[in-house]
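Here are the chains, one letter per residue:
Protein chains: 2
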Amino acid sequence: MENIDEIKLEQLKQIQQLLDGEKIEEFREQFLDMHPYDQAQFFMEIDAANRMLLYSYLSPEEVAEMMEHIEIEEIQPFFAEMDPRFASMIFAEMSTDDAVDILNEMDKDKVVSFLTIMDDEDADEIKDLLHYEEKTAGSIMTTEFISVYKTQSVKATMVQLKEEGPDAETIYYLYVVDQDKRLVGVLSLRDLIIAEDDTKIEAIMSENIFSVSVAEDQEEVAKIMKDYDFLAVPVVDFQHHLLGIITVDDILDVIEEEASEDYSKLAGITDGDKPDTNPIVAAKKRLPWLVILLFLGLLTASLIGQFEATLSQVTILSIFIPLIAGMAGNTGTQALAVAVRGLATGEYGNEGKLKLVIREAGTGLITGTVCGVIITAVIFLWKDNFYLGMLVGLSIMLTLIVATLAGSLIPILMHRLKIDPAVASGPFITTINDIISVLIYFGLATTFMNLLL
Amino acid sequence: MENIDEIKLEQLKQIQQLLDGEKIEEFREQFLDMHPYDQAQFFMEIDAANRMLLYSYLSPEEVAEMMEHIEIEEIQPFFAEMDPRFASMIFAEMSTDDAVDILNEMDKDKVVSFLTIMDDEDADEIKDLLHYEEKTAGSIMTTEFISVYKTQSVKATMVQLKEEGPDAETIYYLYVVDQDKRLVGVLSLRDLIIAEDDTKIEAIMSENIFSVSVAEDQEEVAKIMKDYDFLAVPVVDFQHHLLGIITVDDILDVIEEEASEDYSKLAGITDGDKPDTNPIVAAKKRLPWLVILLFLGLLTASLIGQFEATLSQVTILSIFIPLIAGMAGNTGTQALAVAVRGLATGEYGNEGKLKLVIREAGTGLITGTVCGVIITAVIFLWKDNFYLGMLVGLSIMLTLIVATLAGSLIPILMHRLKIDPAVASGPFITTINDIISVLIYFGLATTFMNLLL
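Chains A and B, in that order, give the protein sequences.
Here the first sequence is numbered in UniProt numbering, starting from 1 and rising by one per residue.
Here the second sequence is numbered in UniProt numbering, starting from 1 and rising by one per residue.
These are calculated hints, taken from the structure and not from any lab test.
Treat the hints loosely; a few may be bogus.
Identical chains blur together in the list; that is why a pair holds if it fits in one copy or across any two.
Below 27 angstroms or equal to it, Euclidean Cα-Cα: the simulated DSS-like pairs (lysine-lysine) are [to be verified]:
(1) K8 - K355
(2) K226 - K8
(3) K223 - K135
(4) K13 - K226
(5) K223 - K8
(6) K150 - K162
(7) K8 - K135
(8) K155 - K200
(9) K127 - K108
Values in this document were obtained by computation on a predicted structure and should not be read as measured data.
If we strip away everything but chain A, and leave its shape as in the complex, we get (with noise of 0.2 angstroms):
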């Protein structure tokens, strides 16, 4: 972006004077002339009171246009400290899907009381899609779309589009449905333009068109709109009747948010764990794992206890402890990194599954063996004790081995039995391999003693 990083400070120090000064009339006209997202911006960045100055300059549209580019996290506050009618005149102007996104977040109360004062229209778009589950297409899904019969002509196509254009997601595809109000064909703004003014939309409209249902999973649709390269899709029920359309802009939002989670997921940190929190909130979303993880840390210390009596007698033993572990560890993380990420693209069923639990078995095999010889080498060459190299070698092997399949195998089966994925995470599966490298380390030097001593 063209040094636009200093025009838009220049702008915003503008703009800020004139709230200042209470120049409604400049202020208006330059505030608008702004981009949404910008309109955004500078809005977080002012106190209170000039808040309270800003919502009494615009119009609920205006403000609404701008809240639809603040984050949902960030943005309950401002409906909170405003006037409860205005707050609902604004989610009435908003589009109900970000309308709706909102108010999900919030208390059920205060939700039935925007409603309440809402009118009856807009109250109940958005009733409809407050029902549906999180993360499906219902609830990503505008009812902000244009609809049109198979049996109208071009021309009058034309004036609609030109009437409900302003208010609708996008104008580019217009849906075609049956008169009973079934999804039947798509024409794309295109094709209308080039068309005779009276033919029928059935003439030229498409009739292979892709819809997705209303439950079905946002992930998927965000896969089917990469894959197929669509800026937009219809949703409908089981009886093929047309309920909303999806476009691409959400999914965007929705790519970012399922990669976020997984990434989330193997690091062990919450969604809302961002680098301008502060310390004690970072800290409260950390401290939950972390303390898990010690309790399960104490847990391979009482395991390794255990075996007090064969570190006593061979204290070298314990100098390769964090060798082993670690390379569990990492080599578990990977595996793991790939099972999720296999997992979330849902690229396999059953059998890939399984496929991919014997992939693992065999990478685990390869990098177990190779890793295996090399420390058995180093090992003997460093201190000239060729069991004890045999020992962490073989040792090595086994845990690199398990530690893969453990890697793959237990994301699985927590998906299999509808256990909160989020437990798999990377930590979890460190530690589970933590134990079961130092178990099989201890295992086979407590049964080889007499060759270390």
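For chain A, the structure is supplied; the task is to place chain B on it using the hints.
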């Protein structure tokens, strides 16, 4: 997608039979009726002999449209098996940006030979794009856009639209240039169709136009398009000449690519490590990291070896090694994940980075204190040894502070020193933190040895 999978399977079987039976006409009819993505899925399943048949049944344009829906990493062998003249015709028919993406992955001499066979105009378009650096706006833009002169009339523009529309990546935005081909405005198809025939473009265009520089990072472009909900954004050189456009479908790929890069980095896997590769390939991808970590682990072992005297006196010390190292690894990964995401979104300059490090120090202090106190109490109750509890608790506290700091400082330092950030991956940070934690633990233990005996 409603029963789409069963319908598809049936369809694919039929088409396979038509291809086997060499029924050209029926095959073409059915095949071309499918969405190019589905064509690509079918194409990926059939064997080489059938692919040869398919090449001979379809025009280069038809194959090109299908090829745009095959992943770049998988596409090369197909071009290698075709007649080079046919291949170069396909490149000429593809979107320039997609053709360039594929050619960028090929050997230089192959690229030259394709460009030589191709007709000059197409070859020039591709050559223009080939020299843009990877991951910049220039490398993902397409040159197939519609540009109009500001002095043109609406009527002339509609005529131009019908002519150029079929080849353009999008007709929903028209870019307005002056006689020097400098970008001066934008016009949506929406605005054009509601305008009077003899209006001049400059009267209805919006001058408030965003553009990105050709050298802009692709991730930055993706962020802008996502924040501002753009379907397309124009790309300009430093003199503001219009060079190309980037459409939202290219941005979907960028968002996925960048997210999966961060994810892989955290897990210590390389991007090609997908669930469907074979174990030998997977092992090859993972081994480099594992072997490096093996040697870092040996370093840890030799560091602990320095404390062998301490260990042999107080054997019980060794049972807490995995606990302390594990906590260091986990907390470091959490901090790393937050820092990497912050660096990736480019949210902050130097000031922001300093703030992040201070924030992480605070977070480490809180989590460290909480975990330290818990573990001191637990060990005191369990082992009835207050000094041992204090030692482990204090080690955990210091370790968590240092590991959290390391998790944010190391990637920032590497970013500053322009070292390949892939080095600051999860396993690397984990191993560094293993070493630090062990040093803290045994350092404290050796210092306060007399209290423990």
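ask   = Of the hints stated earlier, which fail here?
value = When the structure is compared with the hints, none of them turns out to be violated.
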